[in-house]
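Engineer: Sequence:
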Amino acid sequence: MGFEVIRHLAYTRFMKNADWLYHYKALVTDAYDGDTVTVEIDLGLKTAIKGEKLRLHRINAPEMRGDEKEAGKVARDYLRGRILGKEVLLETIKDKRGKYGRYLAEIWLEQDGGFININDELVTRGLAVYKEY
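Quick note on full-length UniProt numbering: the sequence shown kicks off at 1 and runs consecutively.
Don't read these hints as lab results, they were simulated from the structure. Please note that the accuracy of each hint is not assured.
To be verified - List of simulated lysine-lysine pairs, PhoX-like, C-alpha gap at most 25 Å: (1) Lys53 with Lys99; (2) Lys53 with Lys86; (3) Lys94 with Lys131; (4) Lys50 with Lys96; (5) Lys131 with Lys73; (6) Lys53 with Lys96; (7) Lys94 with Lys73; (8) Lys53 with Lys131; (9) Lys46 with Lys131; (10) Lys94 with Lys25; (11) Lys53 with Lys25; (12) Lys86 with Lys25; (13) Lys94 with Lys53; (14) Lys46 with Lys99; (15) Lys50 with Lys94; (16) Lys99 with Lys50; (17) Lys50 with Lys69; (18) Lys46 with Lys25; (19) Lys25 with Lys69; (20) Lys94 with Lys46; (21) Lys73 with Lys99; (22) Lys69 with Lys99; (23) Lys69 with Lys46; (24) Lys96 with Lys25; (25) Lys46 with Lys86; (26) Lys131 with Lys96; (27) Lys69 with Lys53.
A quick note: this is a predicted structure, and the numbers were derived from the prediction, not measured.
Start from the sequences, fold in the hints, and give me the full structure.
Structural biologist: Here it is as structure tokens:
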């Protein structure tokens, strides 16, 4: 499946589900692994949250320890290369947190006049798998 199709499907899903999601601009300040990032979230009205850790929704990337360590580094480094230091659009799931208390989020990166869903891109590139929590 080409990236144009993925981008269209992702954008359609993004707009269709907009009623139960929260959307924020954010600056990505760290990526611990392939599915955990730290961000500064712009809430508007001169209000921001710094140092918020987020879990990428619907996906699971290899761990940074044990047998998966090398694959985990590859996923983390790819994610860092794509979004570290960049402004992204966050889509958080209302009142939903993951196992370790992190908010679950979809991350959208503006590219070529549209938005790319980074969560889906990681799966498409073989750096993560889909997993519901």
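Engineer: Against the 25 Å threshold, does the CA-CA distance of Lys46 and Lys86 hold or violate the hint?
Structural biologist: Holds, at roughly 19 Å.
Engineer: Holds or violated: Lys96 and Lys25, Cα atoms, limit 25 Å.
Structural biologist: Since the Cα atoms of Lys96 and Lys25 sit roughly 19 Å apart, the hinted pair holds (cutoff 25 Å).
Engineer: For the pair we were handed, Lys94 and Lys25, check the Cα-Cα distance against 25 Å.
Structural biologist: Holds - the C-alpha atoms of Lys25 and Lys94 are around 16 Å apart, at most 25 Å.
Engineer: Would the pair Lys94 and Lys73 pass a check requiring their Cα atoms to be no farther apart than 25 Å?
Structural biologist: Distance of about 30 Å is beyond 25 Å: violated.
Engineer: Is Lys53 close enough to Lys99, meaning Cα to Cα at most 25 Å?
Structural biologist: Within the cut-off at roughly 13 Å; holds.
Engineer: Compare the distance between the alpha carbons of Lys69 and Lys46 with 25 Å, and conclude whether the hinted pair is satisfied.
Structural biologist: violated, 40 Å
Engineer: Are Lys94 and Lys53 close enough, with their CA atoms no more than 25 Å apart?
Structural biologist: Distance of about 16 Å is within 25 Å: holds.
Engineer: Can the restraint linking Lys73 and Lys99 be considered satisfied, given a maximum Cα separation of 25 Å?
Structural biologist: holds, 22 Å
Engineer: Would you check the hint for Lys46 and Lys25, treating anything up to 25 Å between C-alpha atoms as holding?
Structural biologist: holds, 12 Å
Engineer: Lys131 and Lys96 were given as a pair; does the straight-line alpha-carbon distance stay at or below 25 Å?
Structural biologist: Holds - the C-alpha atoms of Lys96 and Lys131 are around 15 Å apart, at most 25 Å.
Engineer: Does Lys25 lie within 25 Å of Lys53 when you go C-alpha to C-alpha?
Structural biologist: holds, 15 Å
Engineer: With the threshold set at 25 Å, check whether the alpha-carbon distance from Lys46 to Lys131 stays at or below it.
Structural biologist: violated, 35 Å
Checked against the numbered hints above, the structure violates hints 7, 9, 14, 17, 19 and 23; every other hint is satisfied.
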